[in-house]
Amino acid sequence: MRQKANASGSIDEEELALEFRHVDYGRELVNGFVAAAGLQRQNPATPKRWRNYRCDDYFLSQLAVNGYFDESAQQWLIVTAEEVAEDVKAEFLQIGSPGADGIGFGYRNGQPGLWAYHCMTGQEFQWLARTAQQLLDGWMAGTITV
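Counted from 1, the sequence shown has number 259 at position 7 by our numbering; the numbering is strictly sequential.
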């Protein structure tokens, strides 16, 4: 890819994934690049490598752009797309957390809906909702718990 970029002066790719050694520098670098290019932030597309997670509902929603910060708990219940993390071994794509006991909210590879991943208690999964918005609505109403 470097040779191609040096030869043509550009990179013609649909998707580019970067891995940062220090996570705190990633967002600043990406935001600077987007601003310098004169682009506006939009809903991110579901990355190709995560399409088996059936997570389009999240990536097509405003939750992927803004996340959801629970003021009363002082916790990011749903994170932005930039903070989404994949646990390859568990085949789990985490988009949020209730903030306790190492539990994550997210998608399971090849399974529909949103799940709680209890990684500290034997790596158990608990089905929660069909979509990220339904998870958020149910959590805030107290009808979904872990």
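Misleading hints may appear alongside valid ones.
Restraint-style ranges between C-beta atoms, simulated for each label pair [as the list claims (entries may be wrong)]:
hint : residue 1 : residue 2 : range
1    : A289      : G390      : 32 to 40 angstroms
2    : G284      : Q375      : 17 to 25 angstroms
3    : E343      : S313      : 18 to 26 angstroms
Simulated from the structure, these hints should not be mistaken for lab results.
Each residue gets a CB set at the ideal place from its N, CA and C atoms; glycine is no exception.
**Request:** Starting from the hint list further up, note which numbers the structure goes against and sort them upward.
**Result:** Hint check: 2 fails alone, others pass.
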